[in-house]
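Visitor: Now for the letters of each chain:
Protein chains: 2
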Amino acid sequence: MEHEILESIKTTGDIKKLNNDRLEKLCSELRDEIINKVSETGGHLASNLGAVELTVALHYVFDSPNEPIIWDVGHQCYSHKILTGRDITGIRTEGGLSGFPKSAESEHDLFVAGHASTSISAALGIAEAKKIAGSDDSVIAVVGDGAFSGGMIFEAMNNAGRSKTNLIVVLNDNEMSISPNVGAMAKYLANIRSKESYFRFKDNLEHALLKIPAIGKGIFTALRSVKTFFKDMFYSSNTFEHLGFTYLGPADGHDIEMLIRTLNRAKSIKRPVLVHINTVKGKGYEPAEKNPSKFHGVAPFYKETGELKKSSGNSFSSEFGKNICKLAEKDGKICAITAAMTDGTGLREFSEKYPERFFDVGIAEEHAMTFAAGLAAGGMKPVFAVYSTFLQRAYDQILHDASIEPKHVVIGIDRAGIVGGDGETHQGTFDVPLLTTIPGITVYSPSDYSELGRNLEKAFSSEGVQAVRYPRDSEKEIPEKFKKEYGDFDYFKGEKNCLIVTYGRLFVEAAFAAEETGSSVLKIGKIFPIEQELIEIAKKYEKVLFFEESVENGSIAEHFGKMLIESGFDGKYKTFCVSGFVPHMKVENAMKIHGLDRESMINAVKEALK
Amino acid sequence: MEHEILESIKTTGDIKKLNNDRLEKLCSELRDEIINKVSETGGHLASNLGAVELTVALHYVFDSPNEPIIWDVGHQCYSHKILTGRDITGIRTEGGLSGFPKSAESEHDLFVAGHASTSISAALGIAEAKKIAGSDDSVIAVVGDGAFSGGMIFEAMNNAGRSKTNLIVVLNDNEMSISPNVGAMAKYLANIRSKESYFRFKDNLEHALLKIPAIGKGIFTALRSVKTFFKDMFYSSNTFEHLGFTYLGPADGHDIEMLIRTLNRAKSIKRPVLVHINTVKGKGYEPAEKNPSKFHGVAPFYKETGELKKSSGNSFSSEFGKNICKLAEKDGKICAITAAMTDGTGLREFSEKYPERFFDVGIAEEHAMTFAAGLAAGGMKPVFAVYSTFLQRAYDQILHDASIEPKHVVIGIDRAGIVGGDGETHQGTFDVPLLTTIPGITVYSPSDYSELGRNLEKAFSSEGVQAVRYPRDSEKEIPEKFKKEYGDFDYFKGEKNCLIVTYGRLFVEAAFAAEETGSSVLKIGKIFPIEQELIEIAKKYEKVLFFEESVENGSIAEHFGKMLIESGFDGKYKTFCVSGFVPHMKVENAMKIHGLDRESMINAVKEALK
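Here the protein sequences line up with chains A and B, keeping their order. When you read off a place in the first sequence, starting at 1, and then add 1, the result is the number in this note's numbering. When you read off a place in the second sequence, starting at 1, and then add 1, the result is the number in this note's numbering.
The shape of chain A in the complex, shown without the other chains (with noise of 0.2 Å):
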């Protein structure tokens, strides 16, 4: 059998059975299980291939889902999937496993994990009503060295410090979050890891100790007693211990034994407890433990070389980037800042090319967004690139901070609309709403490569908070008689009477619907404020059809409504917009569900042409 005992586990119980030598077989096996299916698939790999050792002793000392394991964030919890009976097979594809923790799957998925940072408070959340309830079970959250960045973490361990609850922080420190992790957290905790040695000793010299019946456990109180002097001696006191943690650690994150124990101890403690371990991501995979950054999230790859399969070749990101470097070029005053993601957003080259304005401030959306305004503040012409999904989390720094007093910050903002395969958490959906919600904000959506430089420099040359959002992937074909250079708005006569009315990349969907139909297509570029001039043109309709890539309630299609019947507007108008929260599934797939691919374009015009 190839895998042996992964085939033996039915029940997380059946883990606590085996051995150490059968514990680090089970572990192989599930590398070698990971690296198949993602490979095939798609996913987050190195992440995961550097928590193996971690989840299995997870399951050997705590009773999931009694004793539930919160992951954050939660693409690390493959080997959890599978030991917790899934098959990832197909993971992240539609009808697959999601690529996060997702409660409809298993009970022992507790809490949903897509943003980071987001575990110590959802944990001591649980943990609190465990301890009303009367029970003593251990809640465990693992937080990556990168989420560890997020202010909610601070505030989180703040609150939990205090509090009287058998929390278990492990610290999962792969030195590394998405892109390199680079503040001063990060230094600290390098500066902690050169102090393993001594835990190593102290830890084998107790274990030693232990293994005396009777006598043992007298020294090894003694010892206790005097940790206070050992720990002062070797780490002096650390941050963690300052906000009311026990700190145990650091220990081995591949050592499946050290790691057991070491959780043994913490589930032992009863009071708020973090766990420091080490590991290496992409640990037994070469290819991504070289680059583990191109594996974290990586498209389906030849496991044998780690090549991908197929080339990612541009993209609206990588073009974001280029246009970037290219008026930084010409304009000292040009900043990028990044939230742990330097690939993600393009913004690779400019990184290197301009180090002196480039700032990777890690996954801190909020003071990122702050941060931008300061920079302006300070006359600096500073651009923020961020995933639609993440820059939920500066809401109140984009009105508060950079709009009360306008402050000219533009914001790059990646991911926007329908994102695929890593669904519910990570769709571009709503920032269309959030940002037509704040007073004199301008926001430009691109339908192609072209048009994106074109936004970016007039967002760089104008006032104000400035957004230009543009989808993942990458830009695609336009029938020839649509093709030109987009301005704020482009209006495209058809002979029926019936308008299609779109923005972003849906601009190419009606064009080739128009073509097909006859119809008439209005292409915003600049989307919000929404011009007096379109609702012009579009009230010489009859019918007027809005397509929009974002949940209905504040999308540009509801302005538009709100002032077509205001204008004295007396056709049909009808929106056709994305509802509720979409699961993973190909974009294309997500599209056609929600009304919004070419097909389902031609039917609602023939059907409103009836």
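Since copy identity is lost for identical chains, a pair holds within one copy or between any two.
The list that follows gives simulated cross-link-like pairs (lysine to aspartate or glutamate, DMTMM-like), each with its CA atoms no further than 20 Å apart:
1. Lys334 with Asp137
2. Lys165 with Glu353
3. Lys327 with Glu350
4. Lys540 with Asp571
5. Lys132 with Glu353
6. Lys165 with Glu357
7. Lys544 with Glu567
8. Lys334 with Asp138
9. Lys540 with Glu567
10. Lys611 with Glu567
11. Lys271 with Glu357
12. Lys132 with Glu357
13. Lys482 with Glu516
14. Lys573 with Glu537
15. Lys188 with Glu242
16. Lys132 with Asp332
17. Lys607 with Glu567
18. Lys541 with Asp571
Bear in mind the hints are in silico, worked out from the structure with no lab data behind them.
Keeping the supplied structure of chain A fixed, place chain B upon it in accordance with the hints.
Guide: Below, chain B alone, put in the same frame as chain A:
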């Protein structure tokens, strides 16, 4: 002359010419001025009295506005306003100064600050901009210990610690945020404070040595080289140093000579420094020293006694608190959470009756929301009571942590709508658009106390995220024939073909307007999701007017309009909402300006019926 020295200060440069005695006298004059003026208009008193010496020392040492001072939270800036040539008579009232820093008032106010924990991010941005421009001016952030519990502070410190900027963070530690600060960080600060004697000794020693020219400097340098030894001996390493800051303190925040010396040293270090000072909230005014929470933000009072000129009486906040206590008595699963606003949100009684189910998490709205979701995942029924404006911080947590996998969490949203004296930074006019983007959420907006009670009861007996939003201040008298026990919606038929739709406290105004004009009124109680039944009522009218205390984009009025247009409505629809940011002024005046008062409603109906 009453304020002889104060009146002699024409520019901040004049402060630098004063000797220590006169500086002390200046502080006493400032206190006097603040107590006089705040007793007349109300405002933030206790924190301003605590920051007098600090403000004088900052302007003595630094060269504002080139070396800008960013106040966090901004309400401690009254002395700063006075010293930079502004008259605080009538502060927070229409025509008077804002209660927060405001760049339109003075070049000395570089950054708005009505929400907490933003200062280090902003200051770091300004400092990086200065660095790029080749300036070595200092940038100062003054942060209260309350604001220190906000996650943005740590995100910013994590980034600042590795920067090469002349950033100076003054931690203004008064052992008390708005509610007493009980987190682990507060405990840690208390621990540091207890070592003050050492700093004073070291500071005095260095000061004495420096007075001996030539020799002094040499010894001083030698002393510095053993600083690590000293430091480790006395307070070993501290968290701020772990985060990359040079730590100075704790210093007595009311000893002007010591403050000046410490700040001068911070200025000379030319890298990020944290200056930790201890102050007394309410310093120099006995009633405020005794009860700093009452005098945090206070209504007009008799300065001789500290008694309020008008007793506060009942309010939606106090009614909220009473209702939660009543519900919690019957249901042991109900927990209440506040982010440092126990009194402000009316939870004092709950906190005393049910301490084990009460959580004050400090200024940490993001954590509060996810913690609530965690409590719900653990089987509790949490309510998070929060001001509308601060809930903006937790949008992503409501969406991602509480709604993608729905958790039964109740949000009690206080200060919904227009708030009055606090102005732009505190308006509760954005929560409706935010909340209504969230799939599955239910939102209530009661018009009187008894409806608030029923809404809360319903919220606790339903599922998913349930928000109940209510205004500041007290309920208003409703005309007799519109009084009743309100349901999810109530329809009052008038004789004219015009319908007013509204909710919350505006219903009172609408009722009066309807009485006067004969129009009908549709009062919505459960404002979201909008039931189709409401549309069916409205579409029978020729004129429909929607009045709403919210920004328009994403408002219920807009959603309603959209549903109306799709229903085939062919009348006139007009909305009256809040536009832009509303500055500080009486609620009634703001209502008038935005067309939401009784008279404006009457005029709007008459205009529509013409």
